[in-house]
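We have chain S already, so just place chain G on it with the hints.
2 protein chains.
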Amino acid sequence: MPAAAIRGKRQHLLIVGGGFGGLWAARALADAPVRVTLLDRGNHHLFQPLLYQVATAGLSAPDIAAPLRHILRGQQNVTVLMGEAERVDTAGQCVRLANGASIGYDYLLLATGANHAYFGHDEWAVHAPGLKTLDDALLIRRRLLSAFERAEAETDTAAQRALLSFAIVGGGPTGVELAGTLAEIARHTLRREFRNIDPRRARVLLIEAGPRILSTFPESLSQRAQRQLERLGVSVHTGQPVTAIDAEGVTVGETSIAARTVLWAAGVAASPLAQSLGVPLDRAGRVAVDPDLSVPGHPRIFVAGDLASVHSDGKPVPGVAPAAKQMGKHVARAIRARLSDRAATPFRYRDFGNLATIGRRAAIVDLHGLRFSGFPAWAFWLAAHIFFLIGFRNRAVVLLDWAVAYWTYQRNARIIVGR
Amino acid sequence: MPAAAIRGKRQHLLIVGGGFGGLWAARALADAPVRVTLLDRGNHHLFQPLLYQVATAGLSAPDIAAPLRHILRGQQNVTVLMGEAERVDTAGQCVRLANGASIGYDYLLLATGANHAYFGHDEWAVHAPGLKTLDDALLIRRRLLSAFERAEAETDTAAQRALLSFAIVGGGPTGVELAGTLAEIARHTLRREFRNIDPRRARVLLIEAGPRILSTFPESLSQRAQRQLERLGVSVHTGQPVTAIDAEGVTVGETSIAARTVLWAAGVAASPLAQSLGVPLDRAGRVAVDPDLSVPGHPRIFVAGDLASVHSDGKPVPGVAPAAKQMGKHVARAIRARLSDRAATPFRYRDFGNLATIGRRAAIVDLHGLRFSGFPAWAFWLAAHIFFLIGFRNRAVVLLDWAVAYWTYQRNARIIVGR
Chain S
1 MPAAAIRGKR QHLLIVGGGF GGLWAARALA DAPVRVTLLD RGNHHLFQPL
51 LYQVATAGLS APDIAAPLRH ILRGQQNVTV LMGEAERVDT AGQCVRLANG
101 ASIGYDYLLL ATGANHAYFG HDEWAVHAPG LKTLDDALLI RRRLLSAFER
151 AEAETDTAAQ RALLSFAIVG GGPTGVELAG TLAEIARHTL RREFRNIDPR
201 RARVLLIEAG PRILSTFPES LSQRAQRQLE RLGVSVHTGQ PVTAIDAEGV
251 TVGETSIAAR TVLWAAGVAA SPLAQSLGVP LDRAGRVAVD PDLSVPGHPR
301 IFVAGDLASV HSDGKPVPGV APAAKQMGKH VARAIRARLS DRAATPFRYR
351 DFGNLATIGR RAAIVDLHGL RFSGFPAWAF WLAAHIFFLI GFRNRAVVLL
401 DWAVAYWTYQ RNARIIVGR
Chain G
1 MPAAAIRGKR QHLLIVGGGF GGLWAARALA DAPVRVTLLD RGNHHLFQPL
51 LYQVATAGLS APDIAAPLRH ILRGQQNVTV LMGEAERVDT AGQCVRLANG
101 ASIGYDYLLL ATGANHAYFG HDEWAVHAPG LKTLDDALLI RRRLLSAFER
151 AEAETDTAAQ RALLSFAIVG GGPTGVELAG TLAEIARHTL RREFRNIDPR
201 RARVLLIEAG PRILSTFPES LSQRAQRQLE RLGVSVHTGQ PVTAIDAEGV
251 TVGETSIAAR TVLWAAGVAA SPLAQSLGVP LDRAGRVAVD PDLSVPGHPR
301 IFVAGDLASV HSDGKPVPGV APAAKQMGKH VARAIRARLS DRAATPFRYR
351 DFGNLATIGR RAAIVDLHGL RFSGFPAWAF WLAAHIFFLI GFRNRAVVLL
401 DWAVAYWTYQ RNARIIVGR
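Protein sequences appear in the order of chains S and G. Under my numbering, think of the first position of the first sequence as 1, with each following residue one higher. Under my numbering, think of the first position of the second sequence as 1, with each following residue one higher.
By construction, these hints were calculated from the structure, which means they are not laboratory data. Hints are not guaranteed to be accurate.
What the hints assert, rightly or not - Taking CB as the label site, the calculated pair distances span:
| hint | chain 1 | residue 1 | chain 2 | residue 2 | range |
| --- | --- | --- | --- | --- | --- |
| 1 | S | 318 | G | 195 | 32 to 38 Å |
| 2 | G | 284 | S | 272 | 48 to 54 Å |
| 3 | G | 195 | S | 374 | 45 to 51 Å |
| 4 | G | 195 | S | 379 | 40 to 46 Å |
What the hints assert, rightly or not - If you want a taste of the chain G side facing chain S, the calculated C-beta under 7 Å gives, among others:
| hint | residue |
| --- | --- |
| 5 | 69 |
| 6 | 82 |
| 7 | 134 |
| 8 | 135 |
| 9 | 153 |
| 10 | 193 |
| 11 | 195 |
| 12 | 397 |
| 13 | 416 |
| 14 | 417 |
Using N, Cα and C, we set each Cβ at its ideal position, and we do this for glycine too.
Pulled out of the complex, with its shape left as it was, chain S reads as follows:
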């Protein structure tokens, strides 16, 4: 049989989503006898753990993103397509796109992740943007920088104070990163640049409904994180939920706080694409997958990353980048197994530990009982993130940006674009 004919008979895997789950699956199938199509609504893979740096003007968008088709250019069995998946047609074995086209599949991997969710208060979205995509990050950057600019031009003291009040809702890793970095910007980066305001008087509030911030860490590290945040100038409010958000600010319990900039880091919900599967979803909209990451009743459909709800060693697998990568690689192994009629193995999450950065020289690390914080934790976090950034150039530029930023307190992407 001629090569083209054999190739034509190859099974087709459609991957939806070029994040850690989807991209790692595609890479793990480099020499497999399967045609792969990677569909993403953007043209790039995003290194999401550093997205808060783009939002806070430390890095530029291209520093933490790389074109998917460039990453996969050498892998001849992969076609990258940009397009928005709208729903899965399980009966027709295809995925319908927003532009009306559809793409058939023999195997399907859904890795579209999660988006921010407002717990039934979608009207908050316009006042309190969340941080999931590069566009989100550029919007937040614009709001943060514009707030200081508008405060400088404002003559009314109360309005000025509201412009210099920043409320971050949600005490998870993203909320903590945003609050710590924002406090550093106000206290150091912008010093001496304004004539009518003192940016050091800016208030940065971190609001967490639960009893403590960074609740996935041991309590002792949560406390250390809170102390480090407070040292950077953040006021941390725990134990009371946000009950209202509007253009004027945020209401916590019964107390209204005038804050013209509110950021949302409180909740995520899985991508709505999963709803079209017609299988039960959990409260966050995730698919409760079988142990091999396939969808119950749909052995040719897999889910990886934040869209999947799965347990490993009796514990739920967290929605973090290493888990998504491991799931992506596992799905690749499962598909190889199916192609050669072997049985798929159950997914097991290898937990290397948990780290969160807080700000300049401040972080917490929990490596299975080895717990540390402060400068050593920050250095560890920095090394890990630089190491995992995709592509030589990005690493070098990010290192250079950060080295200069560290010594000068400057941030290199303080450019307002858009709107």
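Below, chain G alone, put in the same frame as chain S:
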């Protein structure tokens, strides 16, 4: 008299526009006994000569921009404000802003530059974006990258060909830079990244209504530039104007060309702010200023940069960055002279020469008769532009980006954001 009172009596200079003219004027008044307010609609100074690199995904926006208030942070007599000037009220000696506020002045410098103009065909704007701001550059980048993405997903051959046809209208420096770089992207950068299209088959057309491209250069250099462009893969069309632009493409004379991406580099018109002065403007909307750069009949109002029409040594001063900088510095000198009741001197343009880049290892240089092209001209252009980029970090990052880009043919900002 206490120091504060003396300070309160200081004359106030309002500068509108933080480009080369406005920023260089502010810097030249560092130790002058005058209060300065620098008003700009953005928060940054833009190194416009490299804007085409942002549009063609070679550099990221923050690489070529720096916050105005950061540049001027050490200059205590300068206040930077972000806001949009709407009109000059010469009778009230103030500038009205779009948000309803107004700023009074003793001296006024208008340095708001030029924008692209469509010669009475404003309906072309939506199909053929021009390149003046960072937002323009990001829009063009999005269109260029999306065209290749859509071509890869397109199954109709004619539609695919239209998506892979790029028409650039205007054979001045910007049009030549865009065409040359785009041809390089299609031929080298994207090679091997697509499965359904061959990006090397992309057509790049440069359309110039006049008899030759780069008409401000001697004819021999124009010809060499055209040959270099053609070697890079650009088809150059001269001698016929564009008569129509729509969503399908561009009509040159009587010939319609199907091109889904059209870029406008053909015409500029001075900023409309000058219209509110109530003085005669030239055909391009520029203010015909007196030899000391003040506005006829308004000795306290000056104009610098692309908004000014002025002659030096009997020749019109060109709308280039070095001229804008020199005018800005001259206005600073003129204001110092006024403050100490000395007479202002006429502006004289020091012309250091003329250079234009075309693409990889291709450029032309004209230094008062010393004319060269090709690699030496390109190296000269590169050195000059790196040298003049503001700020250490930008220079280092741009150099690193370009060194990597040169060896790998890669472009580091191929990220689609927005819309």
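Original post:
Looking back at the hints listed earlier, which ones does the structure fail to meet?
Top reply: none
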